[in-house]
Amino acid sequence: MEIFQDSFSVSSNRRCQMVDITAEVQSVIQKSGIRNGEATVYTPHTTAAITINENADPDVMHDILLTLEETFPKNRSGYKHNEGNSDSHVKSSLVGCSEHVLISGTRLSLGTWQGIFFCEFDGPRSRKVFVQVRGQ
Amino acid sequence: MEIFQDSFSVSSNRRCQMVDITAEVQSVIQKSGIRNGEATVYTPHTTAAITINENADPDVMHDILLTLEETFPKNRSGYKHNEGNSDSHVKSSLVGCSEHVLISGTRLSLGTWQGIFFCEFDGPRSRKVFVQVRGQ
Amino acid sequence: MEIFQDSFSVSSNRRCQMVDITAEVQSVIQKSGIRNGEATVYTPHTTAAITINENADPDVMHDILLTLEETFPKNRSGYKHNEGNSDSHVKSSLVGCSEHVLISGTRLSLGTWQGIFFCEFDGPRSRKVFVQVRGQ
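Chains as they are written, first to last, in our numbering: chain A, 44 to 179; chain B, 44 to 179; chain C, 44 to 179.
Any given hint could turn out to be false.
A pair holds if it fits inside one copy or across any two, identical chains being indistinguishable in the list.
EDC-like, lysine to aspartate or glutamate: derived pairs with alpha carbons at most 20 Å apart [to be verified]: (1) K74 <-> D100; (2) K123 <-> D63; (3) K123 <-> D49; (4) K74 <-> E113; (5) K117 <-> D63; (6) K117 <-> E67; (7) K171 <-> E112; (8) K171 <-> E67; (9) K117 <-> D100; (10) K123 <-> D102; (11) K171 <-> E45; (12) K171 <-> D63; (13) K74 <-> E112; (14) K171 <-> D49; (15) K74 <-> D102; (16) K117 <-> D49; (17) K123 <-> D100.
Don't read these hints as lab results, they were simulated from the structure.
Keep in mind it's a predicted model, so treat the numbers as computed, not measured.
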């Protein structure tokens, strides 16, 4: 069993944005030389997240972000944190700061429509993503 | 350290449904022969999810699905994805397409009331679940 | 590759509360002697959760709990589960009962502002958290 870790940066140009990072994650897996196992995709930020969803129709991303924005609006009576990004912290905890993907024969075992997304909830910014691959 | 992977199918008969898959996951762990470690339960679909919650009282599942349906209704003004299942994609990202369970002495280390559920958000359909077991 | 598992208890004094457990998780990692790999932080309860978010300003926790309380209120017309905690089960599935943290050189690879929190959604109670460390 081997462990390989690498990282890369992701940039956004809007406050809330989903960026497809499937190719970057696949590239780390290829570099690792690991054929079978699991990869953790982790972002070390508290107003961002990682998710897996459809990467065929960009309207899906639009609709997910619209829903999150309307369900968890930027301003809420009673918010105490004075940086104006409490909604971003909420979205980060609900979507989650990591995802796991299985690896079979050096390839990500994703479904036909699945892609891996970095979710920016308080951009635009440059952020980091860690990928740890464990396997044989 | 060994890695063992298997998969099974899950069928639903409603649009939104939680199906208890605890026995199927336990069965993969027994087949693996792995005594201690971790299992990833992963679904390769973008309008479904995996969660861990109470499997004693079926009313809990009813109430979780009711809450998701009322908080994230099927139709929302502004949705652009033309398959009528944008709400299903949202629920998939919020609940998440995988869960992890610890294994001790060939058994799932679940709490007394915990079961593992496949969540269908755009059924009825037949779907796949992957289980990867890693350990000794 | 080694596997080490330990557990600890967390107490709350309100119905909904986020308790910082970063030091307890770090302490399990040090006990394990594992230098590089991953840790699963898992709670075996169906009305609680584990999340990673900001542990610098306590107002962030306040605002996250306020948002969850207003979005998923305790009482909802149509709830059937008769323990009055259906909202707690919903929050548990949305936030999730486990998190994963990467380990580099015996230290948690958390971001500058990240801490690990146990989320109580049906307290006050005493609860258990399992930590499994896998690596070299």
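Within a copy, between copies, both or neither: where do K123 and D100 come within 20 Å Cα-Cα? between (37 Å within a copy, 10 Å between copies)
For the identical chains here, do K117 and D49 meet the 20 Å Cα criterion within one copy, between copies, both, or neither? neither (33 Å within a copy, 39 Å between copies)
With identical chains, the pair K74 and D102 could be close in the same copy or across copies; at 20 Å between alpha carbons, which is it: within, between, both, or neither? neither (32 Å within a copy, 41 Å between copies)
From the Cα coordinates, with 20 Å as the cut-off, is the pair K171 and E112 best called within, between, both, or neither? Neither way: K171 and E112 sit 23 Å apart in one copy and 31 Å across, limit 20 Å.
When no copy is named, should K171 and D49 be tagged within, between, both, or neither for a Cα gap of at most 20 Å? within (11 Å within a copy, 30 Å between copies)
Give the relationship of K117 and E67 under a CA distance limit of 20 Å: within one copy only, between copies only, both, or neither. Intra 30 Å, inter 33 Å, cutoff 20 Å: neither.
20 Å Cα threshold - placement of E113 relative to K74: neither (40 Å within a copy, 45 Å between copies)
Since the copies are identical, ignore which copy is meant and state whether K74 and D100 lie within 20 Å (CA to CA) inside a copy, between copies, both or neither. Result: close neither inside a copy nor across copies, 29 Å intra and 38 Å inter.
When Cα atoms must be at most 20 Å apart, do K117 and D63 count as within-copy, between-copy, both, or neither? neither (24 Å within a copy, 25 Å between copies)
Evaluate K171 and D63 at a C-alpha cut-off of 20 Å and name the case that applies: within, between, both or neither. Close inside one copy (14 Å), not across copies (23 Å); limit 20 Å.
Check K123 against D102 for me: Cα-Cα at most 20 Å, and say if that holds within a copy, between copies, both or neither. between (34 Å within a copy, 6 Å between copies)
Between copies, within a copy, both or neither: which fits K117 and D100 at Cα up to 20 Å? between (26 Å within a copy, 18 Å between copies)
Violated hints, in rising order: 1, 3, 4, 5, 6, 7, 11, 13, 15 and 16; the structure is consistent with all others.
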